[in-house]
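Below are the chains, spelled out letter by letter.
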Amino acid sequence: MTEMVTLRVNGREHPCRAGIATTLLTVLRDQCELPGTKRGCNQGVCGACSVLVGGKPVRACLTLATDCEDREVTTIEGVGTPARPNAVQQALIDTGAVQCGFCTPGMVIAATALLEEHPDADIETIRQGLSSNLCRCSGYRKIVEAVSLAARRTAS
Amino acid sequence: MSGENEAGAVGQSIPRLEVREKTTGRAQYIADMSSPGMLHGAILQSPYAHARILSYDVSEALAMPGVVDVLTGDDLGDGRMGAFIKDEHAIAKHKVRYVGEPVAAVAAETETIARRAVRLIQIEYEELAAVLTPDEGLANDAPIIHEHLDDYIKVFPAVCGGNLVSRTELSQGDLDKGFAEADFIVEGTYETPAQAHLAIEPCGALAEMDASGRVTLWSANQSVFRVQANVCESLGLPMSKLRSLTPRIGGGFGNKMEAHVQPIVVALAMRTGRPVKLILSREEDFECVRARHPMRVRCKTGVRNDGTLVARDVEVLLDCGAYGDDSPGVLGYSLLMARGPYNIPNVRSVGRLVYTNKMRFGAFRGFGSPKVNFAGETQIDEIAEHLDMDPIDLRLKNIVATGDTWMGGSVLASCGLRECIDAAREASNWDQRDLPQTPGKRRGMGVACAAHISGLLGTGAIVRVLEDGSVALNTGAVDIGQGSDTVLTQMCAEALQVPVDGVSVASPDTDGSPYNWGTTASRVTYTTGRAVVGAAAEVERQLRDHAAEMMECSQEDLELRPGGLIGIKGVPGKQVSFHEISLRAHWRAGGPIVGHHTWVFDQPTIDPKRAVAHGLPFPQIGVYSFAAFVVEVEVDEASGKADVTRAWMAVDVGRAINPGSVEGQMEGGFVQGMGFALTEEMVWDDARLINPSLLDYKVPTTLDTPHELHTIIIEAAEPDGPFGAKGVGEIGLVPVPAAIANAITDACNIRLTTLPMKPERVLNAMEQAAHGS
Amino acid sequence: MMTQTMIAPETLEDALAAMHAEPGSMALAGGATLVAMMNAGLVEPNSLVALRHVDTLRGTRQLDDGGIELGAMRRHRETALETPFKDGQTVLSYAASQIANPTVRNMGTLGGSIAFNDPGADYPAALVAANATILIVGATGTREVSAEAFFVDWYTTALEAGELVAGVRVPAALVGSIGHYEKLARIAGDFAVASVALQVTWSGDSIAAARIAIGGSGPTPLHLAEADDMLIGTGADSDALSKAGLLLAQAADPVDDVRASADYRRKVIPRLLAKAMREIAPAREAA
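Protein chains in written order, with the numbering used here: chain E, 1 to 156; chain V, 1 to 773; chain H, 1 to 287.
FYI, nobody ran anything at the bench for these hints, they're computed from the structure.
Some hints here could point you the wrong way.
Unchecked claim - Selected chain V positions facing chain E (in silico; Cβ < 7 Å):
hint, residue
1, 239
2, 668
3, 670
4, 694
Claimed, not checked - A few chain V positions that, by computed beta-carbon distances, are all more than 10 Å from chain E:
hint, residue
5, 132
6, 315
7, 437
8, 561
9, 592
10, 604
11, 683
Where is the CB? At the ideal position from N, CA and C, for every residue including glycine.
Construct the complete structure from the given sequences, taking the supplied hints into account.
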């Protein structure tokens, strides 16, 4: 059985259908036309589905859509655009940290939330903060450096 | 050619061309695609390791509302696919050969319905005795996994029979004489486990048929052409009836090189007449795509007291899994790499590949080399210890150099290994190392060297000049995330002295792209790069023909000028633009400018005067890149857990077309190799994989990875490489297990011969060492 | 097909009533465990009672005697902060800070985690070491169960059908006591291969009080008063540590799994205990 829920995503209202087992990830991808949030494992481990709910990072695959009705959801599509990337996105672009890109939306969300909380994050804080997200291409170093660059740029 | 094109061509770390779409979530991967009227597919997996299929009952599944089609092996002919041996149907037929093998598939209106419906399919099996290890497979009374192996089509002279898929042997010199000349011999047996590729994107495909019956197929892949070949072979389709394309790819590492679900998805699309998309779950991806082979290596090296290596004998036993896939190639390549980058005159390497009732094993970054490298490079350290010699000095005494030959006899036209070793030695402060000591921890440093080919098989490129003088590049090489679109564009821009943003790069399409065997074998920069340079040279020749006529001068007086211009030498103002030339070519004379170049790597692997080979599946292989790694580890005395704290990676890539991308390949390869060395292993309980999920199969996170990963680029230019370049895709992984093992030995005075070097193994060895002394 | 509804009550009473009205319903806290199990097809609840709006499950209460009551909906991220913990109570914050990863710690809750009693999870041993009490509510009222009694068997707790974890009461730890959680995992954020949670109080050069619990090495956290006693009065010398460690290792009931063998787990328990004591040395000197 499905019911109608209205999700507020990236500042827009999306009427959606969801059953009790329907995750936020499924609804974002299949009904809101926001496929930037990726499904990598559906078990909350890889982090490719990270989104912000109420400004805090969560796994969209472990979040039920019907449990989000009164909460503000922000996806990768809502934090920056190709023409106006946010500081993390710009730093990833400039440092060549992105390879296949499949983990990148989740990384951007995790890093954006991290810098929101720790604007002056040092390397160790960034490594801690990004430990939520798996990347199999980069070896992480360039991603960590990119987020560090974003922090320094934002501070200056 | 000079690298002075300021618009970001060869030698510059320009950002990936597609980086903005990837960072902002706009990149489209297979799971993000849809088509009007699309159905969703799901697979049913075999519960048995080995069983005959007696009957199917699909009625209940078909009756479920929303189900449109159910596919089983009975619905398909006897077409079989396989890169080396054609032994695999599109979906299990007559028999199942491993737990998790796709045995039926459903197409339904939603993914949820499809996944529920497969559970309603009833299949009657007759269970057969299963073969779970290569040793069992070789036993006289072993159950036979492929009864018709002899009749299968093979693309190389396979030595096979029973469950033996292939036996390959390489030898050079006189092994007995070599060991007789040795002052001492070291010997060991090494075991390495199955590793999951774990590209963060799971595999999937989307196919649709047009009114004429022709199919268009999008899929996660490393070669649109291998996809086309596999689907057409297994479904009995002419290649003209299938168009294979690619969206963005979320990593591959070998996993997406050959077929996964594409044949099933195409069959469903053709039967239903509707578009069908099927995306594997992470668990299915673990269980039924492919993984790195479990391998056993016996390695024996004969040495003179002055440190000269005189003989090496290597024997490899490779678990093939249920289907051949790329395994004969992996076996042959591991044997070719077993000598290592050393001038050992007397060598034999022999290997057997055996079918078992496990998932198929296949290509994975390193292609068999990391395992023999682990054996050979830890043995070099054992020899150094025996001689009381510095392990780096021992290596330097024996390494190959430019002009030497590789195992088999092919000549090394470029070799920067000595420079790599020197650079890693200096950067890591190897000779004066003074490692920080922490209570409860032991630190150590280790070294390992490696070589890896870039090469193999056919490749092409087409370069066109558009009406306005822009350049369009089309190669058919799939960028799986490693950055080949950018690197090939940089080469094309450099060759024609135009800015990078004046060149477009086409997405691979079997309808319009020239053949490219695939993104594998660290080959795209080198082989496709050569095709790009060749095609650009052809375009330049046509441009010059026009320019000579337009400016009424001779060809010799012309020069290519930056920014898409051809001018008369010594006359600064006298020039015509690509735009002007192309308009003339399009509307008045000569026809649109199109340059193409195709080639196949054709230098023989084996020089019959130097070596003998039996059952080798690749008569031509490639050119060689080199690397020397120094790694520092810290071992926790309480648990035996080893962590890598720092690493220095010196790599000879010939020429770094995009140095930042080279670093990215090295760092990513290192961390994947570190996982293989320390934590990753697929574990079976009897025939069932027990950790097919990210909860149970663990890959390194930021916190498990050293931030001090130093890449040092050495450029020993390959004479026929594009701008001197060689490949870099795999070599970053290859020496990592050996370097870490050698560092653990340095730290704890133990020597491990089994991967992964998990805490349990390290601690047990430390205890044994303590009791032994 | 079942009714399959999601209810989001605002009071505990309504939540319990909803669970009572719909047999087979399950409580949804942060989702980190339950939704993962639903995605894997391991559970298919007919209805869910979301506890997010139940304010009484969220609070933290400082008790007059130095104890703290933590609401079941307290997220790991909040518990990982050292405030409001004092002295040896910090064993809980150390454990919470090592659960999974920052994003999951932002989702997962104390009650949601312990209700599953995953033996590799980090809270159970820490709660036992802290001598905590689990506060349970049900249709018939409230009851309290010690952490040691709460964890009953593999994936089994003392919770009865229709009951919920309302919170946890952490008693005051001895003044000057030190809390620590030593976790061994294959990689950061994995479930523990084995873990040692402890509260230790020093008096001069010897241990005045100790409470040790072992995690990841059996169906429930392992606590042996005899092992605690073996350390009391000693200077945590290697002899005393290995005696206590061996006793714990012998009593442990670990299994072979993908994380490690049972043998290794037994072997590593005394070693982790010794390591934990070494790790707290700086805190001891500072105290």
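For each hint, the structure was consulted:
{"no.": "1", "hint": "239", "in the structure": "violated, 28 Å"}
{"no.": "2", "hint": "668", "in the structure": "holds, 5 Å"}
{"no.": "3", "hint": "670", "in the structure": "holds, 6 Å"}
{"no.": "4", "hint": "694", "in the structure": "holds, 4 Å"}
{"no.": "5", "hint": "132", "in the structure": "holds, 27 Å"}
{"no.": "6", "hint": "315", "in the structure": "holds, 32 Å"}
{"no.": "7", "hint": "437", "in the structure": "holds, 21 Å"}
{"no.": "8", "hint": "561", "in the structure": "holds, 29 Å"}
{"no.": "9", "hint": "592", "in the structure": "holds, 31 Å"}
{"no.": "10", "hint": "604", "in the structure": "holds, 34 Å"}
{"no.": "11", "hint": "683", "in the structure": "holds, 17 Å"}
In the structure shown, a violation is registered for the earlier hint numbered 1 alone.
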